[in-house]
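Visitor: Here are the chains, one letter per residue:
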Amino acid sequence: MDKTKKHIPLSGLRDDVTSKCLTQQEVLNNAKYTQDGYVKVYGSIVGDIEES
Amino acid sequence: MNNKEYDVIIGLEIHIQCKTESKMLCKCPANYFGKDPNTQTCPICLGLPNTEILLPNRRAVELCILLGLATKCDIANEIAFYRKHYSYPDLPKGYQITQYDRPICSDGEIDVYDEKDKKHTIEIERIHPEEDVAKLIRDKEGNKDYFLIDYNKAGVPLLEIVTKPDIKSAYLAKEYANSIRQLVRYLDISDADMEKGQMRCEPNISLQERGKWKYEDGKILPLGDYSLNPKVEIKNIGSISAVEKAIDFEVNRIISELEKGRRIEQQTRGWNAEKGITEYQRMKEEAEDYNYTPDPDVPLIDITTEDIEKIAKELVELPNEKRTRYVSEFSLSDYDSRVLTADRRVSEYYEKLLKILSKEMPIEKAAKASSNWLTGAVFAISNEKGIDINEDTIPLPSLSYLILEFEKKVLTRNKAEELLKESLEKKKDLKKLIQETIEQSKKSIENLDTIVESVIQENPKAVNDYKNGKNATIGFLVGQVMHKTEGSTDPNKAKLILEEKLNG
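These protein sequence lines map, in sequence, to chains F and R. Sequential numbering of the first sequence, starting at 1, is according to full-length UniProt numbering. Sequential numbering of the second sequence, starting at 1, is according to full-length UniProt numbering.
Calculated directly from the structure, the hints in this document are not laboratory data. It should be emphasised that the depicted structure is a prediction, and the values quoted were computed from it without experimental measurement. Hints may contain errors.
Derived, one-sided and incomplete: chain R residues facing chain F with beta-carbon distance under 8 Å [stated by the list, open to error]:
1) P29
2) F33
3) L55
Quick list of in silico lysine-lysine cross-link-like pairs, PhoX-like style, CA-CA up to 25 Å [unchecked claim]:
4) K93(R) / K40(F)
5) K32(F) / K421(R)
6) K5(F) / K93(R)
7) K421(R) / K484(R)
8) K470(R) / K484(R)
Ideal Cβ placement from N, Cα and C applies to all residues, glycine included.
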């Protein structure tokens, strides 16, 4: 797979600049459950999870 | 219970958040600290359908190379990014973009020192960039039915630094973590504040029966028919000191299990700092569990010698080099050199102070005086009050003036430290405080004769005791003079005048 992949030089990578983000509301509109600005995921769906 | 002896084998995986403006594969800001949840994201780092990642952030790759150069790594001339697959709510795409078999940096090393100051060279297997995952937060009331997710952290550039399994004690593991933190701060790669999650340490620990294994090509291999004990990984370590505590606890736990004849399972455990114990989290995954595949959206990246030479210009004198120079050039003790070089900003402040003082006294004396004041009173006061040492909080002309007046014996140590403390506590101009004190002191000296007379008049018993041969009483009388002059008088001078008057 790598043999046919495109090569680029290090200088061709992306400049370290920022651009506008989505608003919190736009993010939360994509979630079924939300709380206090967070996306809420129920343990029963994802199983036993730990903080990260 | 058995009487077997075990060797402790530790490998350490450290993640450092890069100090870049933007994330690894999109243009969202990388600095999310203190921001409202889910306000530093875009469709790319949220992994929304129909989005494609951008090219990797060049600065993150450059910072990786910079750290590789500082740790004497080989730098690859062609690198590839991979997808590491696992299913977890903190990973919106269902895979993490990272590196696998061709990391940017490999086969490096870093020197650390044990409790007896013996040097140990820790071998670094690899350093590579990857994207961070989102933050999962447990409900404040402890409700375990659900988790809250903040995607601000998802996609922030990380550097993963992996050692070979050749760290032999918890103390060395802590020292290694400390050295990596120093290094990335010196090179301005990261602030590496563990409380803010900018640096995470995950040790892998195994205990093997002494004489039944060997270390070869960075791997632990069994001898004969010995079956290696599997390794245990510890997560959730929140400070450098906890690295040592967590490993010590885990080593003792594993020994206890082995002595009971129990088999150790390969597992991931979490450090519970409150209880001071590790707790079982899950079975530990192997590399094959992640199904690494080359990422088709990231091209192969060529790194040339010219690229490396350009990045190498960002290298600065590193802590161990600086420490050696302080010992040889300034004749400082190894301990003082280590303390002064622990933080790059402090060492820079020290050298500026030294430059000023060396115009007024021999360089070695200036070096020792600067070191004594910084590692003594200045550190003590700044630690107590939580004040950063820099040219704004303690202007160099003021501190050098204080040290010079102390060296000239115009100020006593107590008085000088008192003025330093007052200036920092009350944000007063230190130089002005010193000048006012010297002015007062001059007036006091003019009045010293009168003050000594009054002390003699007011303390007839002490005077009689002295005259009757109790020479130690002079100390009490000197103390009375110091009290009346509010400590501004040189006690030796007060003693001389007292002796003249009492013996005359």
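Visitor: Hint by hint, say whether it matches the structure.
Guide: Here is what the structure says about each hint:
no.: 1; hint: P29; in the structure: 5 Å, holds
no.: 2; hint: F33; in the structure: 15 Å, violated
no.: 3; hint: L55; in the structure: 4 Å, holds
no.: 4; hint: K93(R) / K40(F); in the structure: 17 Å, holds
no.: 5; hint: K32(F) / K421(R); in the structure: 56 Å, violated
no.: 6; hint: K5(F) / K93(R); in the structure: 22 Å, holds
no.: 7; hint: K421(R) / K484(R); in the structure: 22 Å, holds
no.: 8; hint: K470(R) / K484(R); in the structure: 23 Å, holds
Violated hints, listed in ascending order, are 2, 5; each of the other numbered hints is respected by the structure.
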